[in-house]
Amino acid sequence: MSSPRQSLAASGGSGASPTPDSGTAHPPVPLWNIANVLTVMRIVLVPVFLVLLFVGGGHDTAWRLAATAVFAIAAITDRIDGQLARRYGLVTDFGKLADPIADKALMGAALVGLSLLGDLSWWVTGVIAVRELGITALRFVVLRHAVIPASRGGKAKTFVQTLAVGMYLLPLPDVLAPVSVTLMALAVILTVGTGLDYIVQAARLRAGVRRTEREHADEDDRPTEPGERAVEDDGG
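Under the numbering used here, the sequence shown has 155 at position 155, and the numbering climbs by one with no breaks.
All clues given are correct.
The calculated lysine to any residue pairs, modelled on SDA-like cross-linking and capped at a C-alpha distance of 20 Å, are:
| id | residue 1 | residue 2 |
| --- | --- | --- |
| 1 | Lys155 | Gln83 |
| 2 | Lys155 | Leu186 |
| 3 | Lys96 | Phe140 |
| 4 | Lys96 | Gly82 |
| 5 | Lys155 | Ile199 |
| 6 | Lys96 | Ile43 |
| 7 | Lys104 | Leu133 |
| 8 | Lys104 | Ser121 |
| 9 | Lys96 | Ala137 |
| 10 | Lys96 | Ile34 |
| 11 | Lys96 | Met41 |
| 12 | Lys155 | Leu84 |
| 13 | Lys104 | Ala156 |
| 14 | Lys104 | Ala185 |
| 15 | Lys104 | Ala69 |
| 16 | Lys155 | Gly108 |
| 17 | Lys104 | Asp93 |
| 18 | Lys155 | Ala185 |
| 19 | Lys104 | Thr92 |
| 20 | Lys104 | Ile199 |
| 21 | Lys96 | Leu138 |
| 22 | Lys104 | Trp122 |
| 23 | Lys155 | Val127 |
| 24 | Lys155 | Ile101 |
Treat the hints as calculated values from the structure; they're not laboratory data.
Given only the sequences and the hints, what does the whole structure look like? Please build it.
Encoded structure:
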């Protein structure tokens with residue numbers, strides 16, 4: 001019977017799909033592949049986005065449109081680099097580390113920037129920031145056992161967050177303010193809900209690993225009776 005660690009690792013984790021022949025040696029993935037280049041580009045775009053956001057006091061229409069465009073480009077690269085990494089086998093340790101950092105940096109910069117400009121309540125920024133940083137830290141702790149793949153709820157959370165921030169960045173007329181508020185409220189709900197779900201999954205994973213380790217320890221400590229030999233169960 002496979003352990004929880006083995007089961008989850010076989011699911012592909014953060015995009016690494018299992019190969020048909022795990023014993024076959026594969027050439028190392030180059031560090032500077034297209035997926036990692038897009039990730040680095042997203043990190044570089046974060047300060048560019050912030051500069052554009054605060055030019056002209058933060059509420060100049062032209063500069064807000066420019067900041068929104070940069071934010072949108074950076075958000076799109078997040079989707080593209082993940083797809084490229086999985087499709088062409090470009091998953092690297094650097095990408096696993098840099099990709100979530102780039103995501104959190106972009107979203108965090110947008111939320112903090114909007115709050116500094118008075119366009120978004122600080123409690124919203126705080127709730128999302130605490131969840132994202134906390135789950136990212138928990139993800140690295142759990143990583144030594146296995147990778148919990150992103151759920152549909154997590155993907156929906158990211159999409160709604162990006163859409164809501166984009167709405168807040170755009171210089172929209174006041175009549176559309178309720179739409180922006182509704183989207184951001186949904187983003188907060190999904191952020192908290194998926195965060196709690198991830199904690200539950202991580203706790204179950206850890207409990208399963210401990211149970212498996214105890215079972216293996218009990219098997220190793222069990223004394224062997226004289227004349228006892230291992231018999232393979234044929235299912236009969």
